[in-house]
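These protein sequence lines are chains F and D, in that order.
Following the numbering used here, the residues of the first sequence are numbered contiguously, the last one being 439.
Following the numbering used here, the residues of the second sequence are numbered contiguously, the last one being 226.
Please keep in mind that the hints were generated in silico from the structure rather than gathered at the bench.
Please note that a few of the clues may not be correct.
Said to hold, decoys possible - Once the Cα atoms are required to be at most 35 Å apart in a straight line, the calculated DSBU-like pairs of lysine-lysine come out as:
| id | chain 1 | residue 1 | chain 2 | residue 2 |
| --- | --- | --- | --- | --- |
| 1 | D | Lys22 | F | Lys402 |
| 2 | D | Lys13 | F | Lys400 |
| 3 | F | Lys340 | D | Lys152 |
| 4 | F | Lys263 | D | Lys160 |
To be verified - What follows is a set of in silico ranges between Cβ atoms, one per label pair, in the way DEER data are often shown:
| id | chain 1 | residue 1 | chain 2 | residue 2 | range |
| --- | --- | --- | --- | --- | --- |
| 5 | D | Val194 | F | Gln386 | 52 to 60 Å |
| 6 | F | Pro350 | D | Tyr176 | 55 to 63 Å |
| 7 | F | Thr205 | D | Val45 | 46 to 54 Å |
| 8 | F | Leu371 | D | Val45 | 32 to 40 Å |
| 9 | D | Ala12 | F | Ile398 | 56 to 64 Å |
| 10 | F | Tyr295 | D | Glu132 | 28 to 36 Å |
| 11 | F | Val316 | D | Gly201 | 40 to 48 Å |
| 12 | F | Gly347 | D | Asn137 | 12 to 20 Å |
| 13 | D | Glu132 | F | Ser395 | 36 to 44 Å |
| 14 | F | Lys269 | D | Ala12 | 38 to 46 Å |
| 15 | D | Asn137 | F | Lys269 | 38 to 46 Å |
To be verified - Quick look at which bits of chain F chain D covers, simulated, 3 or more residues with Cβ under 8 Å:
| id | stretch |
| --- | --- |
| 16 | 298 to 304 |
| 17 | 373 to 384 |
| 18 | 397 to 410 |
For glycine and all other residues, C-beta sits at the position ideal for the given N, C-alpha and C.
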Amino acid sequence: MARKVINTTHAANRYDILSQTPENYNRDNYFLRELQEKVNADWPYRPNRVDIEFENAWGKQTYSPIEVVIQSVRSEKGTEISDDYKKIVFRDILERRFVIGSRFRFGDFFGQRGVEDVNVTDRNIWMGINMNTTNMTSAMVVERCNGVLGSIYTDPETGLSTRHYEPVIFPQTLNASSLLYRNSITQEDADVVAIVQTNEFTRQYFVNQRFILGYGAERKQVYRIKSIHDFYSSITSIDSSVEKSQGLTRIYLEITETDPRDDYEHKIAAQSVGSPIIVDTIDTEDKEYCIQFSSPKPVPAYLGSTPITFIPILVSGEETLSDVPFELNLSLANLPAGVNLSQYVEVEQSNSAFIVKKKRAYLGGDLTMKWRVAAAHSPTGEQLEFEMQLGMGAYS
Amino acid sequence: MDYYEYDQYNNFNRFSNIDGIEAKIIEHLIHSKTKYANTIWQLLKYPSKEALWQEVPTEKERMALVEGAVSSLEESETKEKRLFCKPFSDDAIKDECSVLCFYIGEIYPVDATQSVVSLIAEIATHNHINLVSGEADFVAHPEVTNPNDYYYTDNDVPVVQYKSRESLLLKCVLAELNGLFIDGVGYIQFNTHQQVDGRNVASKVSMSVYDGRSFFGHKIQFNILMSGISENPAIGR
């Protein structure tokens, strides 16, 4: 009878030689070492070996290449379940980088679209939903993310907001709630389930948060969160830090009414709380430019009774372009013709600073600030324009 | 009381024009250019916080908001309707909006020739959009400004900064319709008190419109004294 092979050389106490699963992952274990050598030897001959990308920082959606074997997932009876599920086999049998919730990016290898037609960012993102951590070899079942959840992410440091799109799995099978289940008609609940990675963005989701899903933009359809189940962690731990709480979050949504501020173009639904300042970045062929403010920090969403000193800076990636002169143009929404804007708001400019002062509350809408870099001073040689809105009323 | 035959009883309390009340009120609202009518239409058409700063809807735009109205305007699907002659419409709740509904509530016969007909106006507003900015300040619209006793330190002239959309709608519906004379029906009144069979039949406003989800609103009960005696069995088709 074959016995387990246990290296007792460095065993400090008897717990080190407990014959429990998981397997003894000691690299000196000659069986494992030889298994790795066998995998390495077989690796070049495996037919379904492909280069894919893995998310190299949790939640950041930046990807690095990795070579893996991709297999289809089969049920116990041997039938393929769905091509939305794949099994990724790693070459390193002790692969430790990936846990449930890890994301991979790969597109159609032999599919309808040729590789040259597919933009890298258009490729599908797949999320780990099952990982056998006690097998001798390392593999993970991933499910294709079939949608995105768009939300606003506010940088606490700058006060400026960006649009964030989180890959999400909307499960296709309806299980017990499907129409013909058990041959009797059960009414399908209109709830939507969404599965996302638990990360710094999805941890900010809140009950009643509103989302535009899928083709909802065309249909003008908005969903709101009914409940969030974010306790599915990849490890058993009470540590709730972002690093430790890697796993999956399950979100239940229901359909809700549309808001006049819903942004269908960008698929970002309005929230009933908060008033984020979104400034679009300008993409040129090789660089992207955005505006930031060295003052105030963070930028407030409202112009209150105290004047605000704005010092705009032009930023390209991580790099700050100094000495770029800005011009500021103000306008008020719904201001009747013939009424002068200067009765409500006033700007004083000294060097690169713009002191914006509210002279009287304005109820008709937001203050639009257009920051402009003239073509003569622009790094691209063309005029750059950034637009943002500030509230002007006492209540907003 | 003498004994009557069917022919006689059948002549009493015929309410021959009761079936046109809602349409006549809606027609009135479409054509009315009073401040209150304008505000009602602004609130129905614009769900934004700055609704009162938007253009007053034209007659064509008003028509487009009425249930069933045929309009040449684009975007007049059922879900964009805001004015109904039924208690509530689930078509409208696709959007965060305000809706107005007219319908006949109860009828209390006083005697053989007179009845109190209660006309119900229901208004409902989505809770997300209830806050609207005040319609004016002394600079932009000095003619309609609502002065405010409270002194805002950052403001030269204190004005009402925000209002409850629902309260505003309530005020405007009452102001626009109370005392309105409808052909063949009578005066719509928000004041009638009648003792009928010991019951107090009174006009009232109650906040009873609530869909248990996102909308809330008021039910306004107007009373109309109606009669209608007819010996013509064909009347009131």
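Do the hints match the structure? See the list:
| no. | hint | verdict |
| --- | --- | --- |
| 1 | D:Lys22 x F:Lys402 | 34 Å, holds |
| 2 | D:Lys13 x F:Lys400 | 51 Å, violated |
| 3 | F:Lys340 x D:Lys152 | 32 Å, holds |
| 4 | F:Lys263 x D:Lys160 | 32 Å, holds |
| 5 | D:Val194 x F:Gln386: 52 to 60 Å | 39 Å, violated |
| 6 | F:Pro350 x D:Tyr176: 55 to 63 Å | 56 Å, holds |
| 7 | F:Thr205 x D:Val45: 46 to 54 Å | 38 Å, violated |
| 8 | F:Leu371 x D:Val45: 32 to 40 Å | 33 Å, holds |
| 9 | D:Ala12 x F:Ile398: 56 to 64 Å | 58 Å, holds |
| 10 | F:Tyr295 x D:Glu132: 28 to 36 Å | 51 Å, violated |
| 11 | F:Val316 x D:Gly201: 40 to 48 Å | 22 Å, violated |
| 12 | F:Gly347 x D:Asn137: 12 to 20 Å | 19 Å, holds |
| 13 | D:Glu132 x F:Ser395: 36 to 44 Å | 42 Å, holds |
| 14 | F:Lys269 x D:Ala12: 38 to 46 Å | 41 Å, holds |
| 15 | D:Asn137 x F:Lys269: 38 to 46 Å | 40 Å, holds |
| 16 | 298 to 304 | holds (count 6) |
| 17 | 373 to 384 | holds (count 5) |
| 18 | 397 to 410 | holds (count 8) |
This entry does not satisfy hints 2, 5, 7, 10 and 11, going by the numbered hints stated previously.
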